[in-house]
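Q: One-letter residues, chain by chain:
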Amino acid sequence: MSTTAKDPAAQKKGGLSDIRKIFGGGQSSLRQFGILGSLIVIIVIFQIWTNGLTLSPTNLINVVNQYSYILILAIGMVMVIIMGHIDLSVGSVAAFTGIIVAKSMAEWNFPWPLAILLGIAVGVAIGAWQGFWVAVIGVPAFIVTLAGMLIFRGGNQFIGQSTTTPVPQEFGIIGAGYLPELALPFNFNVLTMLLGVVGAGWIVWNEIHLRRQQKKMGSDSAPLWVSVVKVVVLAGVILWAAWLFATGRPGTSFPISGIILVVLVILYSFITRNTIFGRHIYAVGGNRLAATLSGVKDRRVDFFVMMNMSVLASVAGMIYVARATASGPQDGNGWELDAIAAVFIGGAAVSGGIGTVIGSIVGGLVMAFLNNGLQLIGAGADVVQIIKGLVLLLAVGVDVWSKRQGRPSIIGLWSGRRKARLETQAPEEAPTVAPTGQANVSSLPEDLTRR
Amino acid sequence: MMPQPILEMRSITKEFPGVKALSDVSLTVMPAEIHAICGENGAGKSTLMKVLSGVYPHGTYTGQIIFRGEEVQFRDIRQSENAGIAIIHQELALIPELSITENIFLGNEINHGGRIDWRAAKVRAIDLLARVGLDEDPDTQIKHLGVGKQQLVEIAKALVKEVKLLILDEPTAALNEDDSQHLLDLIRGLKGKGIASIMISHKLNEIEAVADEITIIRDGHTIETLDVHAGGVDEDRIIRGMVGRSLESRFPDRTPHIGDVFFEVKDWTIQHPQVPERLVVKGSSLNVRRGEIVGLAGLMGAGRTELAMSLFGRSYGNYLSGTIVKDGQEIVLKDVESAIEHGLAYVSEDRKQLGLNLLDTIKRSIVSAKLSKIAKRGVVDDSREFGIADDYRKQLRIKTPSVDAGVSKLSGGNQQKVVLAKWMFTDPDLLILDEPTRGIDVGAKYEIYTIIQSLAAQGKGVILISSELPELLGIADRIYTVFEGQITDNIPASEANPEALMRSMTSAKKKANA
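Residue numbers (the numbering used here), protein chains in the order written: chain A, 1 to 451; chain B, 1001 to 1514.
Don't take every hint at face value.
[As the list claims (entries may be wrong)] Straight-line alpha carbon distances no greater than 25 Å define the calculated DMTMM-like cross-link-like pairs of lysine to aspartate or glutamate that follow:
1) B:Lys1193 to B:Asp1381
2) A:Lys215 to B:Asp1391
3) B:Lys1326 to B:Asp1404
4) B:Lys1373 to A:Glu181
5) A:Lys216 to B:Glu1330
6) A:Lys230 to B:Asp1404
7) A:Lys297 to B:Asp1427
8) A:Lys297 to B:Asp1335
9) B:Lys1376 to A:Asp298
10) A:Lys216 to B:Asp1391
11) A:Lys297 to B:Glu1337
12) A:Lys216 to B:Glu1070
13) A:Lys215 to B:Asp1381
14) A:Lys297 to B:Asp1382
15) B:Lys1352 to A:Glu207
16) A:Lys297 to B:Asp1076
17) B:Lys1161 to B:Asp1076
18) A:Lys297 to B:Glu1330
19) A:Lys215 to B:Asp1076
20) B:Lys1376 to B:Asp1391
21) B:Lys1376 to A:Glu207
[What the hints assert, rightly or not] With the Cβ distance kept under 10 Å, some of the chain B side facing chain A (calculated, not the full set):
22) Ser1315
23) Tyr1319
24) Gly1322
25) Lys1326
26) Arg1351
27) Leu1354
28) Lys1370
29) Asp1390
No lab work stands behind these hints: they were computed from the structure. Remember, it's a predicted structure, so these values are computed and weren't measured experimentally. Glycine included, C-beta positions come from ideal geometry on N, C-alpha and C.
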């Protein structure tokens, strides 16, 4: 009986799988590879179509300013979706936090740092509320957050009397501020470039560290050229982007909201990949029963993931209010849908268990550049929506379709046998015990799976 | 003159990839006869019934099926139902939210041009309920009925379709004494009305009481057909037919080094999670010594898994009473986390649903039950994870190019090794292994046995749940038998034989002296 999925075909054409390794290993890497490819294609198309406008400093800054809050939502949303939940309330939660923060400064004279703390506290409180209903009472997150969507939208309009509440200018820094200019004789923004250099350096160090570790453990590492290409490309992109941001219109540089985003992406990538909590998210999302039987407290994970989402929604809300210089009754309308779309385009599975923070950010950037590019060429909001919808459908459709090819299905039965041999996939275990309904359905307590 | 049989299945052979589930099986059922099919778990009984009812369509098996004098080639269940064969599964196929009437006529609605005639349906439902002896309002939702009554509704549903042959797969497995008796009476009553039944059951006393003929299947072969009325057929006779195979040397040699009792369960009683009046485990007591492999024998639904899971941090059912003593101290395991902390490990019988996250990689699966062991301040040490996983890969000979591969790509045997590695990583003192060799080929089974024995050699206690008696006899040191949630016997493996075990697994004759 063949036991492994060692794939001689893939080893022979090692080139392609090595290229994939450039974007990291793991089960969803192929998908992410595809999405990153789409992002590059979209950017290139619009770069040509708009005569270079897409990758101009001003436009890039614009994209970051306009989409950073959606991307921040996507970070939390991917964790929610990995868990097999959904959060529809993020737009309303953002708006609710926005109005409270705005009121706190405008009417209660809070200094802006205190207002930010208040905003985060509001996020924690709302998150605890929603987490309570999901984790303790057991109401599906879809319902809890649908209710939250109504409650907090109404809350925003109740507190704000359905009018806009302006925020003081100094608060604007988190939404519309830039890295400051240093008094140095360079014709570019030094801090932005410095950030780029640090980022590129980190990429190099990280790859060296990874290779050293892989060597030590005897794990299979990619050929050296793959690492070199990976480092050069990634570091190059970062430095180039930094240069673009640093050489824009005087007074602008890399936006503060972008820095908040980058920090959050790094933080949450680390949490989801390297911490016990992160492992538990994937474990529960992938197989809740198996996770519980491995000692994971699934309800606790439910609670914190839902809570975290609301906190990030509050952060997004504050950034938006800062950029718009006021909190209004329609803030955050439809954000949940953009965030959810970003996550699914970025490779998360509808059934849970699969998804990454980076993937979702790339998915969000696909949406952002698509939106931005279409606006630059003068497409109306109507067309933009239609295209965004189609892209979402296409991305998930391709994913579902390709997955179905991978496993035996009614349609795949006739082609399945040949395909299986080609891929040398491990066959479904050949049972020595006849796979009677009895043996397979097993004597598991019949209600166990119904939890 | 002999009457014509209602059903003849001639030399049915059914193969799955790599295994012959049925080989040249024949079955003859006479009209108005209750025909029992007996065999161990996995002998091929259900497969045979699936062939008959069209679950495995014509063409996927070889052999002939002759029903009421004509050869039939069913392509799906619907066709066999239309011909008059109804199968009633262990898992009931009723829709809980619908009423009795709606369920009875589901897919078979009395209608006039698409408009359902509920009044006529209800009148017929009342009549049918009377026939099966169920005294319930036909508007009652199924979810308000107990399992026994649901079973009667299933039969009523079959009667609507003018059933000629009723197949009952473990009909009384989930029923209490009264409901079972009622059901058996009903089957007898149907026989009086000319309806033949095929009954699969592990409860030999019931079979002995109602069956006219008994066909015994073992390892996919028909062994014999016994005529109950000819006399001489009793439980012992049936058991001999069911288990009568020699024990091959399929098990590694081992000299057990058994220490003192370190794990004891006393008077363990567990309630069914949804049906409080049902006790799935009743006052069971058992103990395990260091270095000992303790077998838990019992038939499907006897409560072995329920017992194991309820011990493992109360992951099944509602705890009613009982204590666990480990190393001389009473311990309370309210959740899985504390069970793991106290050195318990439970390897589920269902790798795919309960054992593994199939989306995950091998290395991440192996460390998943005790991440804290390789984490500092909540951050998992990747390189230690890889090292540990790779050590297990070598030690247990998990066949994979790399522990970075996904577990879904492994064969059953190798997946099982990953699950074993996962639990070995938690440093357990007691491993509860639930059907650890189910669905695994012979070679991998031998390796799993070797692993189990080496765990025992390290002084760990092992509780081995298995439906395969030869397996238990082959590697356990001592065997408990479980019947209807109770421990019925406690025999050193050296003194046990399949017949005696089967007897204790099918009746509550003696009380165990645990």
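Q: Mind checking the alpha carbons of A:Lys216 and B:Asp1391 for me, to see if they're no more than 25 Å apart?
A: holds (14 Å)
Q: For the pair supplied as a hint, A:Lys216 and B:Glu1330, confirm whether the alpha-carbon distance does not exceed 25 Å.
A: violated (45 Å)
Q: Given B:Tyr1319 was flagged as interface, is its beta-carbon under 10 Å from a beta-carbon of chain A?
A: violated (14 Å)
Q: What's the verdict on A:Lys297 and B:Glu1337, does the C-alpha distance respect the 25 Å limit or exceed it?
A: At roughly 8 Å apart (the allowed maximum being 25 Å), B:Glu1337 and A:Lys297 satisfy the hint.
Q: So if I understand the rule, the pair passes when the alpha-carbon distance is 25 Å or less; does A:Lys297 with B:Asp1382 pass?
A: Holds - the C-alpha atoms of B:Asp1382 and A:Lys297 are around 22 Å apart, at most 25 Å.
Q: Given the hinted pair A:Lys215 and B:Asp1076, is their Cα-Cα distance within 25 Å?
A: Violated - the C-alpha atoms of B:Asp1076 and A:Lys215 are around 56 Å apart, more than 25 Å.
Q: Min Cβ distance, B:Arg1351 to chain A: is it shorter than 10 Å?
A: Holds. Min distance 9 Å.
Q: Mind checking the alpha carbons of A:Lys297 and B:Asp1427 for me, to see if they're no more than 25 Å apart?
A: holds (20 Å)
Q: With the threshold set at 25 Å, check whether the alpha-carbon distance from A:Lys215 to B:Asp1391 stays at or below it.
A: Status holds; Cα separation ~16 Å.
Q: Please verify that hint: B:Lys1326, Cβ, nearest Cβ of chain A, below 10 Å or not.
A: violated (17 Å)
Q: Taking 25 Å as the top limit, are the C-alpha atoms of A:Lys297 and B:Asp1335 close enough?
A: Holds. A:Lys297 to B:Asp1335 sits at ~9 Å (cutoff 25 Å).
Q: With a cut-off of 25 Å on the C-alpha distance, tell me whether A:Lys215 and B:Asp1381 pass.
A: holds (16 Å)
Of the numbered hints stated above, those contradicted by the structure are hints 1, 3, 4, 5, 12, 15, 16, 19, 23, 24 and 25, listed in ascending order.
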